[in-house]
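Asks: The residues making up each chain are set out below.
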Amino acid sequence: MNKFIEVIAGGLFTTIQDLGRYGYQRYGVPVSGAMDLFSLRIANLLVGNEQYQAGLEITLVGPDLKFVNDNLIAITGGNLSPALDGEPIPMWEATVAQQGSILTFGDIKDGARAYLSVAGGINVEPILGSRSTYTRAKIGGFHGRQLSTGDVLSNSPVPSRIEGRYLPQKFVPQYGHSHKLDVILGPQDNAFTEKGINTLFKSEYEITTQSDRIGYRLTGPKVQHKRGADIISDGIPFGAIQVTGDGLPIILMSDRGTTGGYTKIGTVISSDIAALAQAAPGDIIQFRKTTVNRSLGKLMKEADIIKRVAQLAPSFFSKQHFTVSLDNENYAVETRLSPEAAPSSKRTTIHAKVNGHSFSFNVKVEEQNFT
Amino acid sequence: MPRLTIAPAGDRALAIKVGDTISPEINLTVRNLAIALEKQQIPAVLDIVPAYCSILINYDPLISSLNDLTIKIKELGKAINDSVVESPRTIEIPTVYGGNYGPELSYVAQFNGLTELEVIDIHSSNDYLVYAMGFTPGFTYLGGLSDRIVTPRLQTPRTEIPAGSVGIAEQQTGIYPIESPGGWQLIGRTPVKLFDPTKNPPVIVEPGDYIRFTPISSEEYERIASENNQLEFEQTNQ
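From first to last, the protein sequence lines are chains A and B. Every letter in the first sequence is one number past the one before it in the numbering used here, and letter 293, counting from 1, is 293. Count along the second sequence from 1, then add 371; that gives the number in the numbering used here.
One or more hints might be untrue.
[Claimed, not checked] Quick list of in silico lysine to aspartate or glutamate cross-link-like pairs, DMTMM-like style, CA-CA up to 20 Å: (1) Lys-388(B) to Asp-189(A); (2) Lys-564(B) to Glu-590(B); (3) Lys-170(A) to Asp-230(A); (4) Lys-449(B) to Glu-463(B); (5) Lys-301(A) to Asp-189(A); (6) Lys-289(A) to Asp-230(A); (7) Lys-307(A) to Asp-418(B); (8) Lys-570(B) to Asp-418(B); (9) Lys-226(A) to Asp-567(B); (10) Lys-138(A) to Glu-531(B); (11) Lys-3(A) to Glu-125(A); (12) Lys-410(B) to Glu-577(B); (13) Lys-170(A) to Glu-87(A); (14) Lys-410(B) to Glu-446(B); (15) Lys-301(A) to Glu-577(B); (16) Lys-564(B) to Glu-541(B); (17) Lys-66(A) to Glu-50(A); (18) Lys-570(B) to Asp-580(B); (19) Lys-388(B) to Asp-182(A); (20) Lys-138(A) to Asp-567(B); (21) Lys-449(B) to Glu-541(B); (22) Lys-298(A) to Asp-431(B); (23) Lys-570(B) to Asp-107(A); (24) Lys-138(A) to Glu-590(B).
Keep in mind that the hints were calculated from the coordinates and are not lab data.
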């Protein structure tokens, strides 16, 4: 194991998370894992990891981290203005963090949670099959808690690394402060009046400050029950919309209890949970009714993006560096070939940075030599 | 075998309803179905969460559809034979009642018009069925509390309850496996560790087991607790 990060300051709430702890809910152990699974998966793929490896989940106020060695990192999810030694670094792109450099975060530009992956993955002892932190029971992650000053993290050494991989701009999510979430009704939708169900779908709800990794408490019009809010306790899925006796919805998230005794009117579909994980108190939520079949379309689109990032040759997603001579002056050119500039197309647009300025060139492809 | 109702719980989970009452018979079917599902090792199934009278299944819809899984589960349900019962285990939970260990023992006694000794006697003379585990790691949903010691929850929940605390809330009794906030009336505490994430399984009690509370003295409590600590110390220093 390599020491790779020294924590100078832990930030508001920075924890180690992977895709979650499955197989132990029957003993009451919550799943935990990244709130925004899409962003963690992409961060991992960008640095050449497997999707399931552990990264850092960074909440609102980021940590200050010092890199002990050269490392390939990628930051995805919410844009909390990451910078290396004070220089802003791009999101959704693999970047080299030089030995001794310090990663900091700043203003919240979009979203609420950033994900940091490092080539090799963060190496902590898995607990019950997962490296995810569940702070309430002090299990997983770094001693079962959030990171704080003086902690030192390790990663597994990697034989080679792919620099400059990035997620094409058209796939990069924009979160904003208003979120439309698709919901599949049930399993206890019949505990609500028709009026109650209409209220849920026709109203705007605001996320309150009582929101964390366990769940988001919403405020807005009250959802009417037929008789009461109590049920015989049963299992709770990720994204379940629970309505307690006060008629207000709570959306249950990664650290939710495995079971509960309140009615669940519906569940937010998995491909919309990523956006919800990026929502902050004060944001507005609107629910839209959908079906299992329709949700599958969205899920397959998301799976397709993940597959493309995982499978495409690194060169397609990598920055290319050229020197271009123009009127006897040499220019360093950095291009990003989008996946659309595939070898089959004869004409394509290349976006390039020349001496710090961005240009788009229409080029004719005569020879493919992306190495 | 009751008829199973299967409904979506989002796009990555489904809820199997076996019945809608708390009864040992329905719960037995739940457990048998959960075991049968486990044995099938269905690739799409990520987790199986049995409760009192229902099971939640987490699955990957890109591997199997809701329809395919529904058909499979219904077939499995038909094949379950509830007359075959493994003889249940009874797990003894040594418990010190009253004092600092159970600050509400006197309230529970007073509320029910009993003496503290009578409450201890009633609480420790029943065997409690573990219907399910859930909510928090290692927490057991127990059935079988005597009507004579039913007590409402605290008006104001405590912010910190020590691990091992034994309490009563309405018709339920249970043990707090980890330190947590909560509103139960605390009548005692056990030195036994109900949840240990370094072990697999991380629990000593499982659904279908029975729990029996055995009264012990505070000296006995401290002795067992220090043995646990010694054991942990040796394990971490090997």
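Asks: For each hint, tell me whether it holds in the structure or not.
Replies: Right, here's what the structure says about each hint:
The straight-line distance between the Cα atoms of Lys-388(B) and Asp-189(A) is roughly 14 Å, inside the 20 Å bound, and the hint therefore holds. Our distance criterion of 20 Å between C-alpha atoms is met by Lys-564(B) and Glu-590(B), whose separation comes to about 17 Å. For a cut-off of 20 Å, the pair hint linking Lys-170(A) to Asp-230(A) is broken: about 44 Å separates their Cα positions. The straight-line distance between the Cα atoms of Lys-449(B) and Glu-463(B) is roughly 35 Å, outside the 20 Å bound, and the hint therefore fails.
Taken as a hint, the Lys-301(A) and Asp-189(A) pair is broken in the structure, with Cα atoms around 28 Å apart against an allowance of 20 Å. Restraint check: the Cα-Cα separation between Lys-289(A) and Asp-230(A) comes to about 24 Å, which exceeds 20 Å; the hinted pair is violated. For a cut-off of 20 Å, the pair hint linking Lys-307(A) to Asp-418(B) is broken: about 24 Å separates their Cα positions. Restraint check for Lys-570(B) and Asp-418(B): the C-alpha separation of about 19 Å stays at or below 20 Å, so the hint holds.
Using a Cα cut-off of 20 Å, the hinted pair Lys-226(A) and Asp-567(B) is violated, with the two alpha carbons roughly 41 Å apart. A hinted pair counts as satisfied when its Cα atoms are at most 20 Å apart, and Lys-138(A) with Glu-531(B) qualifies at roughly 15 Å. The straight-line distance between the Cα atoms of Lys-3(A) and Glu-125(A) is roughly 14 Å, inside the 20 Å bound, and the hint therefore holds. Pair hint Lys-410(B) plus Glu-577(B) holds up; C-alpha atoms about 17 Å apart against a cutoff of 20 Å.
As the CA atoms of Lys-170(A) and Glu-87(A) are separated by approximately 25 Å, the hinted pair breaks the 20 Å bound. For the suggested pair Lys-410(B) and Glu-446(B), the alpha carbons sit about 14 Å apart, so the restraint of at most 20 Å is met. The suggested pairing of Lys-301(A) with Glu-577(B) is violated, with an alpha-carbon distance near 40 Å, which exceeds 20 Å. Proximity of Lys-564(B) to Glu-541(B) is assessed by CA-CA distance (about 25 Å); at most 20 Å being required, the pair is judged violated.
Taking the CA atoms of Lys-66(A) and Glu-50(A), the gap is about 24 Å. The hint is violated against a cut of 20 Å. Between the alpha carbons of Lys-570(B) and Asp-580(B) the distance comes to roughly 19 Å, so the proposed pair stays at or under 20 Å and holds. For the proposed pair Lys-388(B) and Asp-182(A), the alpha carbon gap of about 24 Å is over 20 Å, so the pair is violated. Taken as a hint, the Lys-138(A) and Asp-567(B) pair is honoured in the structure, with Cα atoms around 11 Å apart against an allowance of 20 Å.
Taking the CA atoms of Lys-449(B) and Glu-541(B), the gap is near 36 Å; set against the 20 Å cutoff, the hint is violated. Proposed proximity of Lys-298(A) and Asp-431(B) is supported: the alpha carbons are some 14 Å apart, at most 20 Å. A hinted pair counts as satisfied when its Cα atoms are at most 20 Å apart, and Lys-570(B) with Asp-107(A) does not qualify at roughly 42 Å. Note on Lys-138(A) and Glu-590(B): the hinted pairing is violated, with a Cα-Cα distance of about 29 Å set against a maximum of 20 Å.
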